[in-house]
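Using the sequences and the hints given, assemble the complete structure.
There are 2 protein chains.
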Amino acid sequence: MAKNVLGHDLKHTVLERLMHYYHFVGEQLENGQGATVTSTQIAELLHMDATLVRKDLAAIGVRGIPRVGFNAREVLGTIREILGFEEVSRGVILGAGRLGGAMASYHGFARYGLKICALFDCEPTKIGSGWAGYVVQPLENLPQVVREEQIDLAILTVPAEAAQSVATFAIDAGVKVLWNFANTNIHVPEEVFVRHEHISVGLAELSYRLKRHRRSTHHA
Amino acid sequence: MAKNVLGHDLKHTVLERLMHYYHFVGEQLENGQGATVTSTQIAELLHMDATLVRKDLAAIGVRGIPRVGFNAREVLGTIREILGFEEVSRGVILGAGRLGGAMASYHGFARYGLKICALFDCEPTKIGSGWAGYVVQPLENLPQVVREEQIDLAILTVPAEAAQSVATFAIDAGVKVLWNFANTNIHVPEEVFVRHEHISVGLAELSYRLKRHRRSTHHA
Numbered sequence: 001m002a003k004n005v006l007g008h009d010l011k012h013t014v015l016e017r018l019m020h021y022y023h024f025v026g027e028q029l030e031n032g033q034g035a036t037v038t039s040t041q042i043a044e045l046l047h048m049d050a051t052l053v054r055k056d057l058a059a060i061g062v063r064g065i066p067r068v069g070f071n072a073r074e075v076l077g078t079i080r081e082i083l084g085f086e087e088v089s090r091g092v093i094l095g096a097g098r099l100g101g102a103m104a105s106y107h108g109f110a111r112y113g114l115k116i117c118a119l120f121d122c123e124p125t126k127i128g129s130g131w132a133g134y135v136v137q138p139l140e141n142l143p144q145v146v147r148e149e150q151i152d153l154a155i156l157t158v159p160a161e162a163a164q165s166v167a168t169f170a171i172d173a174g175v176k177v178l179w180n181f182a183n184t185n186i187h188v189p190e191e192v193f194v195r196h197e198h199i200s201v202g203l204a205e206l207s208y209r210l211k212r213h214r215r216s217t218h219h220a
Numbered sequence: 001m002a003k004n005v006l007g008h009d010l011k012h013t014v015l016e017r018l019m020h021y022y023h024f025v026g027e028q029l030e031n032g033q034g035a036t037v038t039s040t041q042i043a044e045l046l047h048m049d050a051t052l053v054r055k056d057l058a059a060i061g062v063r064g065i066p067r068v069g070f071n072a073r074e075v076l077g078t079i080r081e082i083l084g085f086e087e088v089s090r091g092v093i094l095g096a097g098r099l100g101g102a103m104a105s106y107h108g109f110a111r112y113g114l115k116i117c118a119l120f121d122c123e124p125t126k127i128g129s130g131w132a133g134y135v136v137q138p139l140e141n142l143p144q145v146v147r148e149e150q151i152d153l154a155i156l157t158v159p160a161e162a163a164q165s166v167a168t169f170a171i172d173a174g175v176k177v178l179w180n181f182a183n184t185n186i187h188v189p190e191e192v193f194v195r196h197e198h199i200s201v202g203l204a205e206l207s208y209r210l211k212r213h214r215r216s217t218h219h220a
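Taken in sequence, the protein lines are chains Y and S.
Note that this note's numbering numbers the first sequence so that position 18 is 18, with each residue one more than the last.
Note that this note's numbering numbers the second sequence so that position 67 is 67, with each residue one more than the last.
Treat the hints with care, as some may be off.
Claimed, not checked - PhoX-like cross-link-like pairs, simulated, lysine-lysine; straight-line CA separation at most 20 angstroms:
1) Lys11/S x Lys11/Y
2) Lys115/Y x Lys176/Y
3) Lys126/S x Lys176/S
4) Lys11/Y x Lys55/S
5) Lys55/S x Lys115/S
6) Lys11/Y x Lys176/Y
7) Lys55/Y x Lys11/S
8) Lys55/Y x Lys11/Y
9) Lys11/S x Lys115/S
As the list claims (entries may be wrong) - Estimated spans, in silico, between C-beta atoms of each pair:
10) Thr51/S x Pro189/Y: 20 to 30 angstroms
11) Gly34/Y x Gly34/S: 22 to 32 angstroms
12) Gly133/Y x Gln33/S: 41 to 51 angstroms
13) Ala160/S x Gly77/Y: 15 to 25 angstroms
14) Ala50/S x Gly130/Y: 45 to 55 angstroms
15) Leu52/Y x Gln33/S: 49 to 59 angstroms
What the hints assert, rightly or not - Here chain S is said to cover these stretches of chain Y; the calculated rule only asks that three of the stretch's residues, wherever they fall, bring their Cβ under 8 angstroms from a Cβ of chain S:
16) 15 to 27
17) 73 to 86
18) 102 to 116
19) 139 to 152
Note that these hints are calculated values from the structure, not bench results.
All C-beta atoms in this analysis are idealised placements derived from N, C-alpha and C, irrespective of residue type, glycine included.
Next comes the structure, spelled out in structure tokens:
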């Protein structure tokens, strides 16, 4: 892996935590709850250790003032810069089913520098129809769109059984990063980055908490 | 937090990693790639350190045989038991929009012990309509359904501005665990567990990788 501005690569667990801090601090500011925020406040909301919050923020160069806290705007700005939200990336959605439609109609991506440029499907009955302001295009148009619109990223919302072949087609078309929402692993060449968004990963935590809750109630 | 069967509480990062191992090992077995799996194989696919894989598996009581690996079925069975997939939990979906519809039509929850029992919305035009085999019910029916069907969990797929009031209503109705897909934080009493599934958390990693990719290309 290449080096980042701080001379090392941030692991995905750190990136995810930064994003959670970003949300929390952003909401604090929006709600007018003060221009400083402490690691203890962040840690409490996210059920984590304040030491780790400080360590993560120090790793991206944000330092707090003892007994005062962190400057909220500095936290937000630094995270935006580190994560690259200020540089626009261009993406497409592959698969115009319910999930693809939900993605297409989500207007929040722009805040994170992602512009969704087109929506594709293989299903002849879907092609040409409108979804959240996009006209569904046939998948064979993808290589041209990737070239002409400089697409970096594809969101994969096809059924599991189509995921690998559609992913391979997108990579051949020049897509560098895949965001996989199909509930299956896909294999990609080393230079391509794929993030699997298994819904079941969230379920793992919920199921565990429910089981614990049930036991504590039964034993009470 | 209460103690688990192993005498300590597993952190959510560990739970998420266990779920990734579960998928990887499950696919290995399904594809007939052998009854054993090594920590190195798991670590490579997931871009992580093999030592951490061994540490996580040791934490749930699974030990490998040196130079052979882990018994794939034992890994799967232990993770299922630890995460509670063998015990059925009952859930509802609150919000019959595109995302709620996608959730309702996802048949994979049953594999993880989650049974979706009903789908609710506030919008009069949606109530009574069919979505993926569910008839959309008015939100005011929720307390009765929670009571009669012993609902533990609610999936929140309402718009951000409705999230807090719908969450509070669900908690008052007796829901113990919330899975929040609305893009906003919600506040809950201490005894309720909420998992925020911000789509932007995934975006953080993708945006970071894209930025890095772009720089390495420009400097090449």
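Open item on the list: Verify this for me: three or more residues of the region 139 to 152 of chain Y with a beta carbon less than 8 angstroms from a beta carbon of chain S.
Closed with: Contact hint for the region 139 to 152 of chain Y vs chain S: violated, 1 residues under 8 angstroms.
TODO: Tell me if chain S covers the region 15 to 27 of chain Y under the three-residue, 8 angstroms CB rule, please?
DONE: holds (count 9)
Task: Hint consistency between Lys11/Y and Lys55/S [alpha-carbon to alpha-carbon, up to 20 angstroms] - done: Distance ~18 angstroms between Lys11/Y and Lys55/S Cα, so the pair holds.
Task: Verdict for Ala160/S, Gly77/Y (Cβ pair) under range 15 to 25 angstroms - done: Given about 23 angstroms between the Cβ atoms, the range holds.
Open item on the list: Please check whether the region 102 to 116 of chain Y has three or more residues whose CB lies within less than 8 angstroms of a CB on chain S.
Closed with: Coverage by chain S holds here, the residue count being 9 at a Cβ distance below 8 angstroms.
Task: Range agreement (Cβ of Pro189/Y with Cβ of Thr51/S, hint 20 to 30 angstroms) - done: At 26 angstroms between Cβs, range holds.
Task: Residues of the region 73 to 86 of chain Y with Cβ under 8 angstroms from chain S, three needed, outcome - done: This one holds; 4 residues, not fewer than the three required, reach chain S with a Cβ under 8 angstroms.
Open item on the list: Hint check: Lys55/S vs Lys115/S, CA-CA at most 20 angstroms. Holds or violated?
Closed with: Answer violated: Lys55/S to Lys115/S is near 32 angstroms, above 20 angstroms.
Task: Pairwise hint evaluation, Lys11/S against Lys55/Y, where the allowed Cα distance is 20 angstroms at most - done: Given pair Lys55/Y, Lys11/S holds - Cα atoms ~18 angstroms apart, limit 20 angstroms.
Open item on the list: Against the 20 angstroms threshold, does the CA-CA distance of Lys11/S and Lys11/Y hold or violate the hint?
Closed with: The hint holds at about 17 angstroms.
Open item on the list: Verify the CB-CB distance for Leu52/Y and Gln33/S against the hinted window 49 to 59 angstroms.
Closed with: 36 angstroms, violated
Open item on the list: With the threshold set at 20 angstroms, check whether the alpha-carbon distance from Lys115/Y to Lys176/Y stays at or below it.
Closed with: Holds - the C-alpha atoms of Lys176/Y and Lys115/Y are around 15 angstroms apart, at most 20 angstroms.
Checked against the numbered hints given earlier, this structure breaks hints 3, 5, 9, 11, 15 and 19; the rest are met.
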